[in-house]
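Engineer: As a plain string of letters, each chain reads:
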Amino acid sequence: MAAHLSYGRVNLNILREAARKELREFLDKCAGSKAIVWDEYLTGPFGLIAQYSLLKEHEVEKMFTLKSGRLPSADVKNIIFFVRPRLELMDIIADNIISEGKAHSSRDYHILFVPRRSMLCERWLKEQGVLASFTNIDEYILDLIPYDGDLLSMEYESAFRECYLENDQTSLYHTAKGLMTLQALYGTIPQIFGKGDCARHVANMMLRMKREFAGTQNQILPVFDTLLLLDRNVDLLTPLATQLTYEGLIDEIYGITNGYVKLPPEKFAQKKQGEASKDLPTEPKKLQLNSAEELYAEIRDKNFNAVGAALSKKAKIISAAFEERHNAKTVGEIKQFVSQLPHMQAARSSLANHTSIAELIKDITTSEAFFDNLTVEQEFMTGVDTDKVNTYIEDCIAQKDPLIKILRLVCMQSVCNNGFKQKVLDFYKREILQTYGYEHMLTLNNLEKAGFLKTQTGSRNNYPTIRKTLKLWMEDANEQNPNDISYVYSGYAPLSIRLTQVLARPGWRSIEEVLKMLPGPHFEERQPLPSGLHKKRQQGENRTTLVFFLGGVTYAEIAALRFLSQMEDSGMEYVIATTKLINGTTWIKSLMDRPESQMP
Amino acid sequence: MAFITANWNPLGDAFYRKTELYEMCWNIRDELKDSLVATAPYGGPIALLREPHRRSPSSRPQLEIYSASGVAIASFPWKSGPVVHLGWSVSDELLCVQEDGTVLIYDVFGSFKRHFSMGQEVVQSQVLEAKVFHSPYGTGIAIVTGSSRFTFATNIEDLKLRRLPEVPGLQGKPSSWVVLTQDRQTKVLLSIGPELYVLDNTSCIAVCPPGLSQAGSIVHMSVSFSYKYLAVFTDTGHLWTGSSNLQEKLSEFKTNQTAAPKQMVWCRRPKSQQPSVVLMWERLLLVVGVCNDTIQFPIEEQSVLVGELDGARIISSTHQELLQEVPLVCQDIFKIASMAPGALLLEAHREYEKSSQKADEYLREIKEQNVLGDAVRQCVEAAGHEYDPDTQKALMRAASFGKCFLTDFSPSHFVMTCRELRVLNAVRDSSVGMPLTHTQFKQITLQVLIDRLVYRQFYPLAIEICRYLKIPDYQGVSRVLKHWASCKVQQKDLSDEAIARVVCHKVGDSPGVSYSHIAAKAYECGRTELAIKLLDFEARSGEQVPLLLKMKRSQLALSKAVESGDTDLVYTVVTYLKNEMNRGDFFMTLRNQPVALSLYRQFCKLQEQDTLKDLYNQDDDHQELANFHIRSSYREQRLEGRLSRLQSAVDEYNKAKNDFAAKATEEEMRLLRFQRKMDDEKGAGLLGLSLQATMEALMSLGLHKQAEQLYKDFRVPDKRYWWLKLKSMAEKEEWEELEKFSKSKKSPIGYLAFVEVCMKNNNRYEAKKYVCKVTPEQKVKAHLAVGDLEGAADAAIERRSESEMGAVLSRCSASDRLLIDKLNRARVAATKK
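Protein chains in written order, with UniProt numbering: chain G, 1 to 600; chain D, 1 to 833.
Hints in this document: simulated from the structure, not taken from any laboratory. Here the structure is a predicted model, which means the values were calculated and not measured. C-beta: ideal position from N, C-alpha, C; glycine also. Careful: at least some of the hints might be erroneous.
In silico negatives: residues of chain G with every beta carbon more than 10 Å from chain D [as the list claims (entries may be wrong)]: (1) K77; (2) M205; (3) N445; (4) Q598.
Residues from chain G that face chain D, not an exhaustive set, calculated with beta carbons under 8 Å [to be verified]: (5) E333; (6) I334; (7) Q434.
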């Protein structure tokens, strides 16, 4: 079913199976035919756990999207609401129930809260007078969703905004709970490192929760040796830069949601022989992207400039394999060839798909606009003239380029300069307000609050020191055969990943000075294991670290960690967890506030 | 040992025995005669209410509670109304049914727990008779009232009264009645003279026991422990037995006794060979087997019969005995001249102890038949059924002896029986007084036994048993400790300090013991301070919150909720506080809890905008207040409203010393006013556009002057303005104007932009005009933009820039041979230098 989850160092399929089991148990609790009313936000993440077929096996006959008014008609015994515990959703549910009235008195209503039930919501429903209408109110603890063989995501989109803008630490509570579930399945993680306020908070909650379970010892041999908790605001720079890995670029340009990407259909038109491809498909082409696809697993983390070569190499191998048929003489040989056909055909169609995607991306990466943008980004990252108003940004504003692009660049410049002089900041802000509208005042305010935009306050710019100490800029990045993580941004080595790398070797003590310059505390905690669970490490056996990015992680950073896992002498394998997979655009978007004018 | 069969009486082909359980510890004489007596099965406690009908307030009847062995547990004068019936619930609570239908519940120590009523109409008509029964749902109560109506409840924990239909022809109470539970349905079986009726929720049906030949009045009935069998006694002395669904007859027997027996109970056991009914009269105990064989015992004292799962207990003022059918396995072993394997093994072991070689002969005999395994099993099983420890030991030793000669025999049965017998002997001890048989013990399970010990407050024994039987802490020791602590906190003679200390000392970190549960108990008893002290030991702060709220320690609840990190919990406390406190105090409380405050703000953003404003106001958070006004300005439908909101924002930004935002907002207001004016004057449709878009629109409408005005008023940077003009003119193809504009002063955006914009609007001719004005660095790009390769090549060569030459080269096609050569040469020359 989800074999790609079990390939990695840690078998994440265990987690998925546990989640599926719980889902089945809940569905069976509501006997008879069912319709599910979905909180739209949840459908994507749920898709990673269970397909429609599983629901169907358990008598789910209809699915609707949660919205106000009467429920669509359905001849079912049970109506189940799958929702996040949010008051605005409770209002809709109450509205549904009230509009339904006495129409279906024999019908049972249920609520499944994801990821956990909430007293507040239940009280809210009670105040609306509908709580008694529900036969079952349950929770479905889905914190960490297995996304790929080495990747877990909570798919909690607003986590960064809530933590750093609104001081709402709900997502961190879920994080801690999720990590407790993970430890219940994969053993206590003996070492916890962290950097940042949120990391500290999560670690504190984990230790507290462990105390609460005092007396019940976890008897599972630990799979993870170390947990590293990293606040996203320790490294604001990395996600702002344009990712240059294959997967990163797909995400930057087309956006990957819940493991799927939608692409313009033109390049994927089926060319059947003898048939003129008259009618081009109009629906976007939807593709699932994960390591279950052999070719994709191979090229996803490569720098885009190395993808072409990899694809043509693959093309040669595949056509050679097809040529084999001419050498097949005996019946046995032909039979063997035929048995491999499905696999080869899958490989061929996978190759065709990725060749098309690569062409689409190449059209963009070779454009002048892309090049100019990248040049400016790299100037910022290397610290060229970051203290003055940048002409390129100025021109982009004058040309009315998309606002998010402008915000990404301005924020990046600010971060690389540790803030602007008042005059420079005010200039940018005025330019943005005058060009894109005064309603963006709130967004700018948010960006200031979250630390993206700021004025230099006396202290000198310490970004150059950080860059030099951590070797964030590598002049001679090798894109084809990388020897350093900087290949993922063609020169820039992500700060977050450098911190991870240094932690493994030689340890954070060597960079105390730099750590002090970055926001939030850094710490180390140990969770004692019961005797008998201490691992006896085989000669040359790697250690495993779970790196948790609080507030989001990019595909390029993941690529960099995978690169480190594969390095022969690193001795460390990484599993990645995050609140949400992000890129600069989705990230900035989540911080925007755009009031709609009600004036006619 | 030799006399083990001395108390056996044959009944048909089975044997019955009467075993003495206790010499009763109590000191009573005739009280059993004129008291209401309640005895609980499974060796439960006994309650006596002396002279229940004595009503004068000067001499109140006394209620006494004893253990099954007669140890006094509680005694107190009965102060409530006249009691009709006493009975025990499944969890050892005493139910006292009063005449007026009130049911009072006491625990085993005689402390009042709660009460409920069997219905309003009962107060008038009074309860005539009541019965407490045990159903699959729990403990039930059935009553018959003075108006001859039956009412019952199947579970007193979840009280649902059912009033049964009227019984035709019934005056007063029926001559006899019993409660039946069949197929999860509860019914009443009652007799009026010779007639028998089944009464259920909906109907009353006359029935007839099959084969009841003699038609006297039915004066007594009894159902078996399992509700499967029924015994009926008529005033002609006939005893009919059969299935309780009245489908089948077992036997009919004439007793020669016409008086109704005082008590009649079934005496059976699981896998009974010869079930019987025990009837008790003043001086006679008669055991009637379904085979119509009987055993008679004389009775010397007032006695009470207690039906059990596997027999009947006979309690008198001095003794207590267990009457039961001898289990088959015991018969096999102890029957005189038995050759059963177990009997031979017991004999073998006896000889072995005497060091006689006969032991070997017996063993040989067993082994020849290949039944040594059976022999061991028989001895172990029989030991379980024996009450006397010496007999148990003899049988277990024999089993152990036999085991030595077996190679692969699982010891678990043996070990388990040893342990269980040890536990049973401990609880049977007179000081505890729970005369459980092994069969009963298996039926109620160890869990329930521990619960019952806990109800009786035998905490050390319960813990001892849990540890001895190695029950996981969660189900065992912790559970006992929890009960102990809950009981401890009710001790009034100890100070809060002392109790908290001793509870903490004993309970420590035992897994599964919830301090919040104990604290809740303390709070129930009115000891709030103690509850708070105990809550401090609770590791799960989430658990502390609900109780703290209940105790009105909301501030503490809030800080615990924050500590737990569970935001839902924080929200819950916050909404609670909001309803409980006045606004001022509420805001002050939040101020001291930043986490709660920000969550509440989130809540207000969604649900209560106005409160949000008040919050910011209280904190003098001018920046956020201003943002609030900005946000709300967009919700205004009219310009005036919007402007006044924005003005408020400006004021707040000023207070927050945010000059930039204040100025920008003033600008916004100015722009809005300007747009409205233009819309009114020219119908320009500008309202809501950005400044840039406004200027653009003005230009495309030809309102250059007004655009110019904005440019000056809003101090738009030259660069952006030039870009705007350039694009606007090019789009409108005002080429002459454009040229004039380009010459108006030195372009702040250079001239490459002119070239590119012209090309974008498909005018190469105009574009070329600006190429010469372009700075040298951009020359190549400009030439390329207009498609002039040669010009580009010349410029590149002039600048000796290798990369630019490369850029030109990449644009050349094969036909540009000459140009390519020229560039290549220049390139080589450039590299040489």
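Engineer: Each hint should be assessed against the structure and marked as holding or not.
Structural biologist: Now the hints, each set against the structure:
1. Listed as a non-interface residue, K77(G) keeps its Cβ farther than 10 Å from every Cβ of chain D; the least gap is roughly 24 Å.
2. For M205(G), the condition that its CB be more than 10 Å from all CB atoms of chain D is violated, with the nearest at approximately 4 Å.
3. Chain D draws N445(G) into its interface by the beta-carbon criterion, the shortest separation being 6 Å against a cut-off of 10 Å.
4. Here Q598(G) does not stay apart from chain D, with its beta-carbon only about 5 Å from theirs, under the 10 Å limit.
5. Of the supplied interface hints, the one on E333(G) is violated, with its beta-carbon coming no nearer than about 48 Å to a beta-carbon of chain D, more than 8 Å.
6. Violation of the interface hint for I334(G) is found here, the shortest Cβ-Cβ separation to chain D being roughly 48 Å, above the 8 Å cut-off.
7. Interface restraint check: Q434(G) against chain D, minimum CB-CB distance 4 Å, threshold 8 Å, status holds.
Hint check: violations occur at hints 2, 3, 4, 5, 6; the rest are consistent with the structure.
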